[in-house]
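Peer 1: Sequence:
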Amino acid sequence: MRQIAAKVPCGLSTVVRTLKRFSETNFIADRGRSGRPRKTSLREDRLLHRISLSNRKLNSSQILKQWALTSNGSVCPRTVRGRLLEIGLQGCKVIFSDESQFCISGNQSSACVRRRTHEEFSPQCLKPTVKYPTKVMVWGCMSSYGVGRLHIVSGTVKAMDYIKILQNKLLPTARDLFGNQS
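Letter by letter, the sequence shown follows residues 1 to 182 of this note's numbering.
For the record, the hints were derived by calculation from the structure and aren't laboratory data. Every value quoted in this text rests on a predicted model; they were computed, and no experiment measured them. Any given hint could be a false lead.
To be verified - Pair ranges (Cβ atoms, derived):
#1 Glu-99 with Ile-28: 55 to 65 Å
#2 Val-138 with Ala-159: 17 to 27 Å
#3 Ser-41 with Pro-77: 10 to 20 Å
#4 Ile-104 with Lys-164: 20 to 30 Å
#5 Ala-29 with Arg-175: 34 to 44 Å
#6 Asn-72 with Pro-172: 40 to 50 Å
#7 Lys-164 with Ala-111: 39 to 49 Å
#8 Val-136 with Pro-77: 37 to 47 Å
#9 Ile-104 with Ala-159: 25 to 35 Å
#10 Asp-176 with Pro-77: 28 to 38 Å
Beta carbons are placed, not taken as given, at the ideal position from N, Cα and C, and that holds for glycine.
Model the full assembly from the supplied sequences, consistent with the hints where possible.
Peer 2: Given below as structure tokens:
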């Protein structure tokens, strides 16, 4: 046994334990451990899967409420999240996107100016304004993995323009943030 332990990079006790296990079970692999029993059955897990796919916008607490109506078991939202991860449904791969307009020229905020009665048109008491300030529309996105690309939008955005922005900017950002995972 010492010769085996010397050839295989492991301790003597590991070799003894492995040979004993092989003589008892004819297998080298670890035996199954008892551990804590699952709170949910396979049938309940399938039901949970169907509920989550029927409305993908539900959070784990809302899924749990629907699931509790048809299931006998009582579990916490963390268990629901764990079961959904086992199934392959991930809730953290969400991207939030929005567009916003920024004013580049001209300060559009109002200002209070203190003046005396005879200083009505004094240059120190006037605030110059621009009738049509320069504005820029910017689209951006973010997720729990980081922020995405910014896109400067020209003109007004119609439905087809927005779809092009999503295809050309959101999908590459999703690939950058999440990789090629589904």
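Peer 1: Each hint should be assessed against the structure and marked as holding or not.
Peer 2: So, going through the hints one by one against the coordinates:
1. For the pair Glu-99 and Ile-28, the beta carbons lie near 60 Å from each other, so the given range of 55 to 65 Å is met.
2. The hinted window of 17 to 27 Å between Val-138 and Ala-159 holds, with their beta carbons roughly 19 Å apart.
3. One distance hint, 10 to 20 Å for the beta-carbon pair Ser-41 and Pro-77, holds here, with the actual separation near 19 Å.
4. Checking the proposed 20 to 30 Å range against Ile-104 and Lys-164 shows it holds: the Cβ atoms sit about 24 Å from each other.
5. Against the hinted window of 34 to 44 Å, the Cβ-Cβ separation of Ala-29 and Arg-175 comes to about 38 Å, which satisfies the hint.
6. A beta carbon spacing of about 46 Å between Asn-72 and Pro-172 agrees with the range 40 to 50 Å that was offered as a hint.
7. Range check, Lys-164 to Ala-111: Cβ separation about 40 Å, and the 39 to 49 Å hint holds.
8. Checked against the hint of 37 to 47 Å, the pair Val-136 and Pro-77 passes, with Cβ atoms roughly 42 Å apart.
9. Range check, Ile-104 to Ala-159: Cβ separation about 27 Å, and the 25 to 35 Å hint holds.
10. One distance hint, 28 to 38 Å for the beta-carbon pair Asp-176 and Pro-77, holds here, with the actual separation near 30 Å.
No hint from the list above goes unmet by this structure.
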